[in-house]
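Protein chains: 2
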Amino acid sequence: MLSDGSISQAVYQAQTRLTSLSSHLRTSKSKIVVCRDLGPDVMPLLTKRDDIEVVTWTEDCVCDREWLLKNISGAVGIVIVFSELVNAELLDAAGPNLKVVSTMSVGYEHIHVSELAKRNVRLGYTPDVLTDAVADISVMLALMAGRNANETMGIVREGLWPKFIWAPFALCGPQLSTSGISPSRTVGFLGFGRISHATLARLIPFGVTDCIYSSNPNSAASPKKERDEALLKQYRPQLKSLRPVDRDTLARESDVLFILAPGGPSTRHLIDEDFLRKMKKHSVLVNAGRGTVVDSDALAKALREKWIWGAGIDVVEGEPNIWKDHPLVKEPRCNILPHIGSASFETRLAMATLAVENCLAGIVGQNMPAELDVKAS
Amino acid sequence: MLSDGSISQAVYQAQTRLTSLSSHLRTSKSKIVVCRDLGPDVMPLLTKRDDIEVVTWTEDCVCDREWLLKNISGAVGIVIVFSELVNAELLDAAGPNLKVVSTMSVGYEHIHVSELAKRNVRLGYTPDVLTDAVADISVMLALMAGRNANETMGIVREGLWPKFIWAPFALCGPQLSTSGISPSRTVGFLGFGRISHATLARLIPFGVTDCIYSSNPNSAASPKKERDEALLKQYRPQLKSLRPVDRDTLARESDVLFILAPGGPSTRHLIDEDFLRKMKKHSVLVNAGRGTVVDSDALAKALREKWIWGAGIDVVEGEPNIWKDHPLVKEPRCNILPHIGSASFETRLAMATLAVENCLAGIVGQNMPAELDVKAS
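Just so you know, the protein sequences line up as chains H and X, in that order. Going by this note's numbering, the first sequence opens with residue 63, and the numbers climb by one from there. Going by this note's numbering, the second sequence opens with residue 63, and the numbers climb by one from there.
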């Protein structure tokens with residue numbers, strides 16, 4: 063008797079043979095390779111189309127490179143996540159039919175953009191739709207870093223609460239909200255794009271009074287006077303000032319500093335020992351941008367030696383290879399999340415949908431909802 | 063040769079003898095007993111007064127009962143924290159001079175209010191000044207409960223990040239902010255006082271569209287139509303509705319439910335199995351009020367059996383005796399803090415200052431900045 067597992071395996075194998083056969087017979091279909099199952103809400107956008115042959119890596123793990131190199135041959139489009147390296151090898155394996163690479167991510171460090179440009183392959187990505195999810199995480203990390211979430215949750219987890227000796231100032235941290243005796247609060251942003259704006263918006267009712275920022279070095283036209291005036295007008299009278307500053311001022315004046323800049327060589331280790339030494343003792347640092355922007359050893363030292371109060375980070379240089387003995391994991395004042403900034407159901411669904419829409423539009427030469435100009439990058 | 067420690071001990075002993083002597087000589091001084099060192103910013107408000115004798119429990123632990131019963135004799139005022147039980151025994155030990163009990167807390171479960179009333183002793187407490195600190199923690203816990211903070215931080219702490227298999231919807235949780243595909247969000251409040259209002263204010267830029275509440279059963283005049291209309295007007299057009307509801311509706315409609323009600327018999331286990339079973343599958347529960355309002359076993363069951371998505375709690379029934387094997391500590395979707403809602407430097411400083419001001423005003427028969435009417439309670 064066949065077990066349920068064997069039956070589904072048999073059905074699966076049969077389906078695979080049928081799919082292979084039908085694609086062989088109906089050669090007019092456009093092949094799209096999808097490197098991860100995008101779930102029951104999104105996959106039908108592809109699978110229900112008669113004019114498209116969908117080849118999906120269905121395993122719940124990183125798409126096998128060999129499988130991909132084999133299956134991409136003749137594809138017109140490919141939907142990937144950040145684990146797929148798109149380089150000359152992959153593009154050559156795809157061949158001249160390939161029109162679109164569509165990544166379900168806002169970053170594109172895994173894509174050799176110049177190789178796409180050479181071959182006239184278009185690139186779709188998923189900016190904007192993750193703005194709110196990452197802004198939420200940024201606010202959460204700012205609160206957690208100030209109010210010692212990692213340290214105090216550890217007290218409960220380790221069963222030490224019953225032994226904890228209460229004192230008027232025990233377990234205290236700096237308050238995000240302004241108060242009568244501390245009526246001003248300056249938030250700083252390294253990188254002042256959409257996610258920073260969404261984060262600032264959320265912080266206004268916490269009583270933030272001043273906003274300073276340094277644009278990331280890649281940013282084309284910054285600072286932007288009109289935009290800044292509009293933002294300030296929107297949040298007045300709570301917000302008293304909003305202005306671009308140099309990085310020295312950003313370090314010295316921020317009560318809460320948000321790193322929301324992209325990665326890459328131009329932002330690598332902008333936050334180093336020199337920067338951290340200039341920060342306020344009760345300030346907190348939040349990194350929901352890219353791990354490479356912060357020198358991890360310098361941040362660990364800053365926390366250990368109490369140059370700053372705490373940190374909340376969703377990204378770490380070298381992730382995901384962050385082991386138990388990583389210097390930041392060992393710091394109780396460092397609140398670390400495993401890069402879940404965009405990990406809400408709503409946002410990942412929107413990202414997957416956008417990735418598919420980009421691919422479908424691109425293969426027929428239409429405007430893609432979110433295309434990155436590979437020739438300009 | 064004396065070590066530094068011995069020197070300070072010798073100096074300390076000498077000072078103690080001198081203080082004792084001088085208080086003996088100048089009997090016209092009013093004695094105030096302070097049950098915890100309130101720190102270098104607040105203690106001078108008492109110690110620099112020539113007309114007051116201050117007797118302070120200086121150890122960094124709960125004030126010894128025997129010490130207190132002995133030293134309170136003849137005091138006109140006493141400044142306490144929540145660990146001091148104020149009952150007939152203590153009041154009798156104080157004697158007829160006692161005019162004021164001033165607690166550095168907003169709750170007064172540790173005080174037998176009727177015994178104060180019998181003796182015409184006034185009661186000072188510290189409401190309002192902790193509103194912002196607790197509202198901050200409430201927002202933090204709502205975000206942490208939705209976005210799986212405890213669970214995902216555990217992945218990093220345990221060194222499992224390198225082995226984590228990324229998938230489009232892995233580690234996802236419900237998003238606090240509204241988004242294009244999920245454009246409405248209902249927040250519910252059990253107890254709708256100042257802290258709830260401050261929490262609601264912070265949530266408006268997250269895109270909250272609807273607010274519902276059930277007043278705590280102790281609340282005198284609720285619902286309050288004019289107040290509600292004013293709040294709604296303030297947050298329009300983002301907020302579409304604000305209304306009082308019964309507890310059944312509160313359970314069924316809240317995406318995020320905040321428990322910000324006081325403790326005591328009338329609110330005990332208002333959140334029980336029946337209530338939790340009615341909640342939405344993707345809803346989260348935040349308790350920054352009192353632990354007794356929530357039946358811990360029922361909440362643990364709700365999390366284990368996924369009736370709701372997650373919980374963020376700063377208070378637990380029976381705290382601080384919450385051990386490692388407590389059913390809630392064992393639930394990964396339960397984010398637990400050791401009652402640090404008011405634990406920010408700014409707020410504790412304000413609370414300690416207010417406690418001293420209450421005491422100083424009360425002993426001379428003046429209006430106290432925050433007095434609880436013991437005859438009405």
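These aren't lab readings, by the way, just hints derived from the structure by calculation. Where hints are given, some of them may not hold.
Identical chains blur together in the list; that is why a pair holds if it fits in one copy or across any two.
[Said to hold, decoys possible] 30 Å max Cα-Cα, derived DSSO-like pairs, lysine-lysine: (1) Lys-392 x Lys-340; (2) Lys-132 x Lys-225; (3) Lys-225 x Lys-386; (4) Lys-161 x Lys-343; (5) Lys-161 x Lys-302; (6) Lys-392 x Lys-225; (7) Lys-161 x Lys-437; (8) Lys-286 x Lys-110; (9) Lys-340 x Lys-302; (10) Lys-302 x Lys-110; (11) Lys-91 x Lys-225; (12) Lys-295 x Lys-161; (13) Lys-91 x Lys-368; (14) Lys-340 x Lys-437.
The structure presented is a predicted model; accordingly, all values stated were derived computationally and were not measured.
Going down the list of hints, with the structure as the test:
For the homomeric pair Lys-392 and Lys-340, the shortest alpha-carbon distance inside one copy (23 Å) is at most 30 Å, but the shortest distance between copies (41 Å) is not. Proximity of Lys-132 and Lys-225 under a CA criterion of 30 Å is satisfied inter-copy only: 26 Å between copies versus 61 Å inside one chain copy. For the identical chains of this complex, Lys-225 and Lys-386 are neighbours both inside a copy (26 Å) and across copies (12 Å), given an alpha-carbon limit of 30 Å. Taking the shortest alpha-carbon separations for Lys-161 and Lys-343, neither the intra-copy value of 52 Å nor the inter-copy value of 42 Å comes in at or below 30 Å.
Taking identical chains as interchangeable, the C-alpha atoms of Lys-161 and Lys-302 are never at most 30 Å apart, the minima being 49 Å within one chain and 45 Å between chains. Both within a single protomer and between protomers do Lys-392 and Lys-225 lie at most 30 Å apart by alpha-carbon distance, with minima of 23 Å and 19 Å respectively. In this assembly of identical chains, Lys-161 and Lys-437 lie within 30 Å of each other by CA distance solely inside one copy; the values are 15 Å within and 80 Å between copies. In this homomeric assembly, Lys-286 and Lys-110 never come within 30 Å of each other (Cα to Cα): the closest approach is 45 Å inside a single copy and 54 Å across copies.
In this homomeric assembly, Lys-340 and Lys-302 come within 30 Å of each other (Cα to Cα) only inside a single copy, at 24 Å, whereas the closest approach across copies is 45 Å. Neither within a single protomer nor between protomers do Lys-302 and Lys-110 lie at most 30 Å apart by alpha-carbon distance, with minima of 54 Å and 38 Å respectively. For the homomeric pair Lys-91 and Lys-225, neither the shortest alpha-carbon distance inside one copy (68 Å) nor that between copies (38 Å) is at most 30 Å. Proximity of Lys-295 to Lys-161 under the C-alpha cut-off of 30 Å is found in neither arrangement, the shortest distances being 44 Å within a copy and 52 Å between copies.
In the homo-oligomer, the alpha carbons of Lys-91 and Lys-368 never lie at most 30 Å apart, since the shortest distance is 62 Å inside one protomer and 43 Å across protomers. Taking the closest pair of Cα atoms, Lys-340 and Lys-437 never come within 30 Å of each other, the shortest separation being 40 Å inside a single copy and 55 Å across copies.
Comparing the model with each numbered hint stated earlier shows that hints 4, 5, 8, 10, 11, 12, 13 and 14 do not hold.
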